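4 protein chains.
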Amino acid sequence: MPAPPTPPRSARQARLYTIIFEADTPAGRRFDIWLIWAIALSLLVVVLDSIEAVSARLGGVLTVTEWLFTLTFTAEYLARLYCAPQPLRYARSFFGVVDLLAVLPTYLALLFPELHALIDVRVLRLLRVFRVFKLTQYLAEYTYLSRAVAASRRKILVFLSFVLMLVMVAGTLMYVVEGPAHGFTSIPTAMYWAVTTMTTVGFGDLTPKTDLGRLLASLMMLMGWGVLAVPTGIVTAEMVSTQRDTEPPTTRTCPHCLTEGLGAQHRHCHQCGTALPPHQT
Amino acid sequence: MPAPPTPPRSARQARLYTIIFEADTPAGRRFDIWLIWAIALSLLVVVLDSIEAVSARLGGVLTVTEWLFTLTFTAEYLARLYCAPQPLRYARSFFGVVDLLAVLPTYLALLFPELHALIDVRVLRLLRVFRVFKLTQYLAEYTYLSRAVAASRRKILVFLSFVLMLVMVAGTLMYVVEGPAHGFTSIPTAMYWAVTTMTTVGFGDLTPKTDLGRLLASLMMLMGWGVLAVPTGIVTAEMVSTQRDTEPPTTRTCPHCLTEGLGAQHRHCHQCGTALPPHQT
Amino acid sequence: MPAPPTPPRSARQARLYTIIFEADTPAGRRFDIWLIWAIALSLLVVVLDSIEAVSARLGGVLTVTEWLFTLTFTAEYLARLYCAPQPLRYARSFFGVVDLLAVLPTYLALLFPELHALIDVRVLRLLRVFRVFKLTQYLAEYTYLSRAVAASRRKILVFLSFVLMLVMVAGTLMYVVEGPAHGFTSIPTAMYWAVTTMTTVGFGDLTPKTDLGRLLASLMMLMGWGVLAVPTGIVTAEMVSTQRDTEPPTTRTCPHCLTEGLGAQHRHCHQCGTALPPHQT
Amino acid sequence: MPAPPTPPRSARQARLYTIIFEADTPAGRRFDIWLIWAIALSLLVVVLDSIEAVSARLGGVLTVTEWLFTLTFTAEYLARLYCAPQPLRYARSFFGVVDLLAVLPTYLALLFPELHALIDVRVLRLLRVFRVFKLTQYLAEYTYLSRAVAASRRKILVFLSFVLMLVMVAGTLMYVVEGPAHGFTSIPTAMYWAVTTMTTVGFGDLTPKTDLGRLLASLMMLMGWGVLAVPTGIVTAEMVSTQRDTEPPTTRTCPHCLTEGLGAQHRHCHQCGTALPPHQT
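Residue numbers (our numbering), protein chains in the order written: chain X, 528 to 808; chain G, 528 to 808; chain V, 528 to 808; chain U, 528 to 808.
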């Protein structure tokens, strides 16, 4: 929540705040669109840099572009700190941390070359796009989906804990049955295989070789499929009921006591007993 | 939309238009059925031609048949151009382009032998079948399905953008953790692997080898499955609500007491007993 | 439909018919239970015979047992022909053919040793179990499931034709992009790979090696998952609506004109206008 | 059901019973939380012990810790036997057996070193966690999920028997078509492959090599996917209807006009306006 209740301190800060943190003014919209482009392009640089053939040929250009983006994002981060009414609160918020992680790796890789492996943490810049989502016309769909998922959160947690137990028991069983000779070298490895199997991914880097192991694996696959029908069921049921609830019963209101939401067939108010006029839609 | 509002220019063009573009006359139906067979057979030729053993033995026959179909489709394309009220508009429509792509590759491969690789673009002829779908008795089902999918279009777009972000972050993580030594040679390659894993396809051409990589992969599979329950939920919820809406409770209203939602077969109002006028739809 | 309208010809045939074709008498039930056991054991023999280690050691026993079962099933087949009111109609019915296929392979393999490969057609004996399903207490569930699937039959057909087109276009694309050098030796092979990918099976015997091929494959997987959410949606929507329809609105009946199914809130019959007594449940 | 109707025999047993078997007193809650930690840590020991690198370095520590946990669980088992009102009934209950299996393997491995392979049965300790679930605030979600799954139990059984038949027929077909030369060495192996394919796991350790085999496999995958949409449909439909039923419309009835289904907050009948007595549940 980067928008705290206290007002910004000066007119300039207030203006900057409206542009950088909000999107209701033309300037604010322009800023957000520019930000999305900058993020997308900087990610393209990160991705291209990871392809050896490209980085060998365009190494110099990529490095320069990367530094341009890093400096720009640094300036933006400082501007955010400057105009936020409570800078510390912003710095510790989720997006504040993401904004910092978007620039820190490049500096760190310069200062401590042995940390170069971490430079790809820059890809977390992607998360900054979520802040700009309030721009889009897809907000209703986004809200609908996240509400359905949030409503099923606890059910999915219970379900996941059940799956983890199943994975642990099944993994251990396969470790005992197949053993290190067939690649199941430890219980964690066997659990990795069990997840692979029960989610129907099935890489095939580890496979049962004994007859008993194959029988167990077959049972696990069938059970896994049945079990994994559950999250689909949870999410779907939530969506069906969300969709049903979006059609409110009526907006009929008692003319005497102003009770709302009277049923369409009601002929007397159920709160005060007043005879109702016929319901019209 | 190959049928513009302006009428065709001559009686002959009008007759041809009815046969080629429409399917309500016997001649029009016969033409559509002939077209489906021609498309199916020409595709069979394309497929057979790609099997080395067959093309080595039947090469000559296949080439001749291919040219027969190409000439036929060319004639049909010219006839469509001739009888369409606005030829240019037809030529630039979706089906106009598909019709052209159905014949162009064969000519191009003859003129520029180095373009031979593109000759299999001919398989796009298949798309022409969709035009003829209006023939079938499965139109209602086709409409039902495409309506349910279309209604969920925006939700699925939001969902896909979310999945792409997840794929990018997960792919980069695996690239950092596993690295080129285990086959994750670049971020795009790692993203390909992430898609493979999160859609539960799991080819197994790339697999994590380190313990940390396997832990991350297990988390991704579980999350991926949960996340991919969402499109199923979207489509199902849409279908359930579509199915519910296809039996509307009518808007018939009692002329005396204004009770609404009377059944189409009702002959008296169920609230006041008034005889109803016959229901009109 | 093995039970034709004409009555069986003699008392003995009638008695046999009740035992063999029906399951309402104690003898009929005992016969069906015995049949299920015989089918299960004979299948066990077929399966064991296919395991080389077992067939090498128990070959003689298995052959004898197999002949015992074949002779038993032959006797049963002849008995069915004898007591069926219209033997020819039975012989040409679905179950008549299955009953014949259950015994024929063993005889054929004896007469024409070169047909030995076909002997495993005996596994179709399994289908005979379906006839006995009428016995079980699971009939309601069986009916519920098959009704939901049958109701979605046409939608699934339309969907399948769409998937087949997608598979053909995607397969051809991959054949052009990857080519025989990477294992995509012909369009049918590439189509097999496309089915493998879009159903999320992902064997991994064929995989894209080029960057463009991997991009295309990623798109196919995402699309494939979205597309395959559709059959789940179809079946689920059908089941939800079937479940909803199994709760009939009411059994309220007009005391004057005997119209049934009046709504619980109705105060006058909607057919004749008679004032109704208050609805009681 | 470890809580039989007869009361425990002495005050001390009663006190112990409240602590060990129940979770409503502070002592009982503390005991349950301690138990979960003990189970989790002892499982960690089992898992670490299976990783060769770890067990080589920490072997001694792990053995000692394991014995500590085994002795603790033994004491707990004896305490449960001591305070249970009907010790034998507890010992034969599901959780009684699980409690015994949690400690037995360690003793057996000590006495009969050749049974060492069975020591990982200790992982079944995990099941003991389920007993403590009554603690959590997730009980409602747990009940909801298990009710939805239990209600679909019979449908899923019918469905599974159908899938098993399909697997058997498909496996035999592939055994006949591909044969031992391509890895399908016996019908059970081919059935394992069929399960792998129809659940969309697709390990890829066995794959069809012939054209006919690939065609059959493609059909199986498509069919498999359609078929496996059924359990998702069953569970989802059950959840949708469970969710609908959890908001019953009440059975409250107007004492004057007998209108039913009045809302719990209504104070006047919506049909005749009579003032209602307060709602009792």
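FYI, nobody ran anything at the bench for these hints, they're computed from the structure.
Predicted model only: the values in this text are computed from it and were never measured.
Check each hint, because a few of them may be wrong.
Identical copies look the same in the list; a pair holds intra-copy or inter-copy alike.
Unchecked claim - Here are the simulated lysine to any residue pairs, SDA-like style, with alpha carbons at most 25 Å apart:
no., residue 1, residue 2
1, K736, V703
2, K736, V581
3, K736, L638
4, K736, P707
5, K736, V591
6, K736, I578
7, K736, V572
8, K736, A583
9, K736, S582
10, K736, W594
11, K736, A708
12, K736, R680
Evaluated hints:
1. K736 / V703: Classified as both; 13 Å inside a copy, 21 Å across copies.
2. K736 / V581: Classified as between; 18 Å across copies, 42 Å inside a copy.
3. K736 / L638: Neither, since 51 Å and 31 Å both go past 25 Å.
4. K736 / P707: both (12 Å within a copy, 15 Å between copies)
5. K736 / V591: Neither: 53 Å inside a chain and 32 Å across chains, both beyond 25 Å.
6. K736 / I578: between (37 Å within a copy, 15 Å between copies)
7. K736 / V572: between (45 Å within a copy, 23 Å between copies)
8. K736 / A583: between (44 Å within a copy, 21 Å between copies)
9. K736 / S582: Only across copies: K736 and S582 sit 21 Å apart there, 43 Å inside one copy, limit 25 Å.
10. K736 / W594: This pair counts as neither: shortest intra-copy Cα distance 52 Å, inter-copy 33 Å.
11. K736 / A708: both (10 Å within a copy, 17 Å between copies)
12. K736 / R680: Classified as neither: same-chain Cα gap 38 Å, cross-chain 32 Å, threshold 25 Å.
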